[in-house]
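Asks: Fit chain B to the known structure of chain A by using the hints.
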Amino acid sequence: MLKLEHISKTYRVGAFGGGRLQAVDDVTFDVEPGEVISLIGESGSGKTTIGRMILRLSPITTGRITFDGTDVSSLRRSHLKEYYRHVQGVFQDPFSSCNPIFKADRIFALIKHEFFPEVSAQEWRHRVAAALESVSLNPADVLGKYPHQLSGGQLQRLLIARALLLDIKILVADEIISMLDASTRIDVLNLLGDLKKRGLGIIFITHDLSLGNYISDRTVILRHGSIVEMGATEKVFGNPQHEYTQMLLASVPQLHSKWAEFERAAHVATV
Amino acid sequence: MSLTVDDLKVYYRTLAGDVQALDGVTFTIADGEIMGLAGESGCGKSTLGNSLIRLDTRARHVGGHVTLDGEELPIGDNEAMNEFRFKRVSIVPQYAMSALNPTRKIGRMIDELLHSRGVQYDTVLPELSRRLDLVGLSDDVLGLYPIELSGGMKQRVVMVVSTLLDPSLLIADEVTSALDVSTQKAVAETLIGFRDRGFVKSMIVITHDLSILYQIADTILVMYAGKLAEKASAETIVNAPQHPYTKLLISSLPEVGVRYADKQLVGIAGRPPALLNPPSGCRFAARCPLATTKCAEEPPFVEIAPNHTVACWEVGPC
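Chains as they are written, first to last, in this note's numbering: chain A, 2 to 272; chain B, 2 to 319.
FYI, nobody ran anything at the bench for these hints, they're computed from the structure.
Small disclaimer: the values here were computed from a predicted structure and weren't measured.
Where is the CB? At the ideal position from N, CA and C, for every residue including glycine.
All the given hints hold, so there is nothing to weed out.
Once the Cα atoms are required to be at most 16 Å apart in a straight line, the calculated EDC-like pairs of lysine to aspartate or glutamate come out as:
| no. | chain 1 | residue 1 | chain 2 | residue 2 |
| --- | --- | --- | --- | --- |
| 1 | A | Lys4 | A | Glu33 |
| 2 | B | Lys264 | A | Asp195 |
| 3 | B | Lys264 | A | Asp218 |
| 4 | A | Lys198 | B | Asp263 |
| 5 | A | Lys259 | B | Asp210 |
| 6 | A | Lys259 | B | Glu236 |
| 7 | B | Lys248 | B | Asp210 |
Sample of chain A residues facing chain B (criterion: CB under 10 Å; computed from the structure):
| no. | residue |
| --- | --- |
| 8 | Ser152 |
| 9 | Asp188 |
| 10 | Leu256 |
| 11 | Lys259 |
Cβ-to-Cβ under 10 Å is the rule here; a few derived chain B residues that face chain A:
| no. | residue |
| --- | --- |
| 12 | Thr184 |
| 13 | Asp210 |
| 14 | Leu211 |
| 15 | Arg272 |
| 16 | Pro273 |
Excised from the complex, chain A in its bound form:
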């Protein structure tokens, strides 16, 4: 459905743009409906840049992104709007995604204004209620409130509901869990799992390997902008081939085994 072909991104850096920074280097992968693909990497690995390029928030230097066969970077005006009907993003900090001066449900009104001006107000209320239902929010709890009156988890789900109001096929979820508390974190992850069952393709960007492992079908490990390892999640995590992936996995703090034990096991394995 969504295909990335040899994508690269070079930023100009320095006072006069003289320096070059290769943020993304020759990345190729695709996303099918009903699939969660996670992009995992450290800071500066280019994972967010890839998400931004998919959402057309930053231009591609070389390479091509196609959605159902059409080149995304060539889209203009009504075609671009059509693209945004299908491809939406949710970002790390839900509070900075909402204007704190307005009530949080203004994001729904903006969607209506932009995409569905012909829908009657009553019909729209039903749709909003249904979308909130599907992210397990009670409309009475969240509608008519300001962002600061909602918890991070509620607001994050509200933003996902906003994306669901459109006829989306691809959701770019950029670190959507990292700001949430442990107790609500898993609810948002399970929500992504439900959406996936409904046929949504999800690009899950994270630095947290255990979250990526929990939810995704395929995993892409990025380093310095290029893919070091890609494949089915259970293979990448179960039998990592690249040294870097092995190092990452060994550094993840585990709840039931200590680092020291992990290293001892690895040492025994190599001897």
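Replies: Chain B alone, transformed into the frame defined by chain A:
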């Protein structure tokens, strides 16, 4: 006992009334102990950490005592606390990246800091370079500006500076949260190293990440809505928690190896109570699957096994 906190109460003054961020917190930390402090945002864990070194100006010390090595910490008195800060109690702040003065070279900044505590820079310099060497930094960093260092390097510099005068108590507030997994591990191991070498006597590590605490902490204290829920050894908290909140919290953490398709984890329904007018009785009762009518009364924080203390009516020595 290195640190004893007895029935500490700290409230935030707001226009709407007092927010009871810490409401009767009692615990002790032994010499050489690394205590992890865990909980959701807004449970008062950072308030507890801050109140041991510098109370926020909006916060008020309402009651309770804190004793460090047998001497009472005047935590309500900003001026009197100056005697203790940096020498006896020190902190590694959450954003080490912004803790360094951007207009001073690192060495000059340390010089000024030591001067304010009446210590000569030159006398400490050999020890300083030895400790920088321990964390893998050369003396050259002293001649650099913070902007010339990477995030991980700044974090290490801050850790060395914070512990330079061998404080009894070090508070590490979310030091690993903003870091990548590999850097996170290095920082966590540095903290253990500092304790093992005796640079700090005891340590409070504040984080919401229980898995990192399991790696470094000896004991873990779990807080919920301004009160203590459970305190036990790290091993017990992770493998045999007793308080229903700790149980739910541990079971909601995804681990490498657990997949959505195989086993669906569940979160904790609801959200913590507002601390402006907190409910009387157990504060977790509204979200607790075990709640009974008895929970309208406040559960005592009792020891159910040696070194294992829980505040819940449903678990207890009976």
